[in-house]
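Protein chains in written order, with the numbering used here: chain A, 1 to 186; chain B, 1 to 433.
If you are wondering where the hints come from, they were derived from the structure by calculation, not from laboratory data. Yeah, the Cβ is synthetic: ideal placement off N, Cα and C, and Gly gets one too. It is possible that some hints are incorrect.
Covered by chain A, per the in silico footprint, the following chain B stretches (three or more residues, Cβ under 8 Å) [what the hints assert, rightly or not]:
1. 46-53
2. 239-253
3. 276-284
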Amino acid sequence: MMADIGHGATDEPPLDRTNSESVVERTCKYLSALALMVMLVVIGIDIVTRWAFNFSYEVSDEVAAYMLVAIAFLSLPVSHINGAFHRVEFVQARLSMRWKLISSLFFELVALVFCAIFVWQFVNLVRSTWRFGDHAPTFLETPLWLPRSLLVIGMAALCISLVRSMAADVGRLLALGSTDRARNGS
Amino acid sequence: MGPELQVLVVTILFLGLLTAGMPVPFAITIPAVIYLLLQGGIPALNSLGLVSWGSMNVFALTAVPLFMFMAEILSASGLSSRIYGGLAKLVARLPGGLLQTNIAGCAVFASVNGSSIATAATIGGVALPQLLSRGYNRPLAAGSLAAGGTLGILIPPSFPMIIYGTFTETSVPKLFMAGVIPGLIMTACFMIYIAIHAKIDPSVAPREAGPRSGGELLRALAEVVPFVLLILGTLGGLYFGVVTTTEAAVVGCVLSILLGVTMGELTLKDFIQSIFNTIIFSGNILFLILAAYIFSTALSFAGLGEQVTKFIIDLHLSKFEFYLALFVLFTILGCLIESLGMIVITVPLLYPVLASYGIDPILFGVILVIYVELGQISPPIGINLFVIQSIWDGKLSEVVLGTIPFHLIMFLVLALVIAFPELSLWLPAQMSR
Numbered sequence: 001m002m003a004d005i006g007h008g009a010t011d012e013p014p015l016d017r018t019n020s021e022s023v024v025e026r027t028c029k030y031l032s033a034l035a036l037m038v039m040l041v042v043i044g045i046d047i048v049t050r051w052a053f054n055f056s057y058e059v060s061d062e063v064a065a066y067m068l069v070a071i072a073f074l075s076l077p078v079s080h081i082n083g084a085f086h087r088v089e090f091v092q093a094r095l096s097m098r099w100k101l102i103s104s105l106f107f108e109l110v111a112l113v114f115c116a117i118f119v120w121q122f123v124n125l126v127r128s129t130w131r132f133g134d135h136a137p138t139f140l141e142t143p144l145w146l147p148r149s150l151l152v153i154g155m156a157a158l159c160i161s162l163v164r165s166m167a168a169d170v171g172r173l174l175a176l177g178s179t180d181r182a183r184n185g186s
Numbered sequence: 001m002g003p004e005l006q007v008l009v010v011t012i013l014f015l016g017l018l019t020a021g022m023p024v025p026f027a028i029t030i031p032a033v034i035y036l037l038l039q040g041g042i043p044a045l046n047s048l049g050l051v052s053w054g055s056m057n058v059f060a061l062t063a064v065p066l067f068m069f070m071a072e073i074l075s076a077s078g079l080s081s082r083i084y085g086g087l088a089k090l091v092a093r094l095p096g097g098l099l100q101t102n103i104a105g106c107a108v109f110a111s112v113n114g115s116s117i118a119t120a121a122t123i124g125g126v127a128l129p130q131l132l133s134r135g136y137n138r139p140l141a142a143g144s145l146a147a148g149g150t151l152g153i154l155i156p157p158s159f160p161m162i163i164y165g166t167f168t169e170t171s172v173p174k175l176f177m178a179g180v181i182p183g184l185i186m187t188a189c190f191m192i193y194i195a196i197h198a199k200i201d202p203s204v205a206p207r208e209a210g211p212r213s214g215g216e217l218l219r220a221l222a223e224v225v226p227f228v229l230l231i232l233g234t235l236g237g238l239y240f241g242v243v244t245t246t247e248a249a250v251v252g253c254v255l256s257i258l259l260g261v262t263m264g265e266l267t268l269k270d271f272i273q274s275i276f277n278t279i280i281f282s283g284n285i286l287f288l289i290l291a292a293y294i295f296s297t298a299l300s301f302a303g304l305g306e307q308v309t310k311f312i313i314d315l316h317l318s319k320f321e322f323y324l325a326l327f328v329l330f331t332i333l334g335c336l337i338e339s340l341g342m343i344v345i346t347v348p349l350l351y352p353v354l355a356s357y358g359i360d361p362i363l364f365g366v367i368l369v370i371y372v373e374l375g376q377i378s379p380p381i382g383i384n385l386f387v388i389q390s391i392w393d394g395k396l397s398e399v400v401l402g403t404i405p406f407h408l409i410m411f412l413v414l415a416l417v418i419a420f421p422e423l424s425l426w427l428p429a430q431m432s433r
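So here's chain A without its partners, still in its complex pose:
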C-alpha cells in the first residue's frame, strides 16, 4: 500500500520518509503484533466455545477492545517511522529537495508540539483514573489506568520517533548543504 497521494511531475526524487527503526519503534511493533495475535486468539476461542459448547467467556469483547487500543497507539511510532501516514504530495512533489526537507522538519515540529499536548492530557487521564480507582464495569473489573496507560506510552513513543525523524532531516539538510558547497567549490 502506498501512503502518498498526488505526486506531481518533477525532476527531484521523492523524499524518502522512512527511517530505520530504533529500539522504541521495534518494541512498539512487537507489542502491537502481540496485541493483534491476542485479539485474534481471544475472539477465535470465544467463537469456538460459543459454537461448540454454547458458552461465552464474556470477556473477549473487553480484552479485544483493549488490544485495539494497544494497536492504535503503539503502532503510531511504527507507522510514522515507516512513512505510512497518508499525505497529499501535490505541493511537495513540486518542491526542491531542500524545501521538502525544510517543510518536513516544520511538519514534524508542529506535530511534536501537538503530540506533547496529547501526552500531557493522557497523563492527566491516567492520573485521575488511578486516583479515583476507576474499574471497568465488567466481569474482569479491569483497573482502567492499566489499558489507559497505553495511550501515554504510544503517544510518548510517537514523540520520540518525531524527534528522531527531525534529527534525520537536519542531518540530510546539512549533508545537502555540504554537497552544494562542494559542487560550487569545484
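Starting from the structure of chain A, add chain B where the hints point.
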C-alpha cells in the same frame, strides 16, 4: 476573534496543512485542537484524553486490523496473485479479454479485503505487465484497474463502512450487505462497458483464448476456490447472522492462514511480515479514526455541528436538491481530500440532517462510499490513479483519461442507488439479525 472568523481561520489552516503535505491525521487533528483552544481555552483540552480513549476502546473497530491482516496473509501467500490467473482463463473469452479479468479480479479481491488501494495495487501489479506486453489499449488498461480497485470499498468488507458504522452507530453487517448489490451492479456495468468498447473498437483488446481442455478449466477453477471459501466463510456468516463483523474477520484470518499454508506459499517469515505490515497500515487508519473523533468533539464543543445542521434544514431543500448539493460537495471534496478524511469530516455534519430528509442511514452509508470511490479516481489527488501510475511506466494523464468512462458509470450507479433505494436496502432487510 468572532465565531465566523474562527471557523474561517481553522478551515484555511486545515486546507493549508493538508495541501502542503502534512500527514492527513495530523492535518485534521491540529486544526481541531486549535479550534477547541479558541473556543474554551486550556480547560477545553481536558476532553482529549477521554475522547481518545473512547474512540479506540470500541470492539466493532477490531474488525479493521483483522480484515487488514486477512488481506496481508492472502498477498503474502501468493493467493491474491493467483486469482488473476484463474479468472483470466474463466472470463478472458468475453469481448475485452483480460480487461474483463481486471474488473472480475478486483470484484473478487474486494470481497476479501476492505481497501481500494490494496485492491488496485494487488490486481494492478499482476495485470499491468501482462496487459501492456499483449498490446492492450494503455489508458483503458490503466483506467479499468484504477476504477476496478474502487470496488474494494463498496463490496464488503469495507473499511469506510466500518468507520461510518462505528461513528454513526449504524449496523456494520447491514452496511456491508447494503453494498453487495450496488457493488455487483457496478461490476456488471464496468464489464458491459468494456465489452461494448471492445466490440466497437477491437484494437483496444486482443481476443484471448479460454481454457483449452477440461483439465485447464479445473485448474483455473482451483485458483478461484480459496476466495469462494473465504467469501462464504466471512460474508456468508455475516448474512446468516452466525457471526458478527469482528468474528467474520477472525474467521477470515484463520481461513486465510489455512488456505495460505495448504494452497499457497505461506511461510513463517511471510506470516510474521504480514503481522508487521498490518501494524504499520493499521496505525494510519486508526489514527484517522482518532482524528475523526477529535474533530467531531471540536465541532460539538462549539455547537458548530448543530448550526450547520440548522443551516441546511433552513435552506428547505427538497430531497432531490439535497442529493444534488451532496453531489457538488463530494465532487469538490473528492478532488481535495483523501477518501477516509472525506468521511471523517462530512459525517459529523451531515448525519444529523438525514432524519429530516427521511434518508435511511444505511442507504446514506452506501451513497457516501460511492462518492468516496469517485474521489479515489478524481484528479488531482485520487489515490488509485497514483497507485496504478506507480506500477507502470505510463503517464498520469493516460490513467486519468482511462478512468473517465468509469467515472460516468459510477455516476449512473449512484443515480440508480438514489432513485431505487431498495437496491441497497433489500439485502440488509433479509438478514437473519
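Hints, verified against the model:
Given as covered by chain A, the segment 46-53 of chain B passes the check, having 6 residues with a CB less than 8 Å from a CB of that chain where 3 are the minimum. Interface restraint, the segment 239-253 of chain B with chain A: holds (6 residues with C-beta to C-beta distance below 8 Å; minimum three). Counting residues of the segment 276-284 of chain B whose CB lies closer than 8 Å to any CB of chain A gives 8, which reaches the minimum of 3, so the coverage claim holds.
Hint compliance for this structure: no hint is broken.
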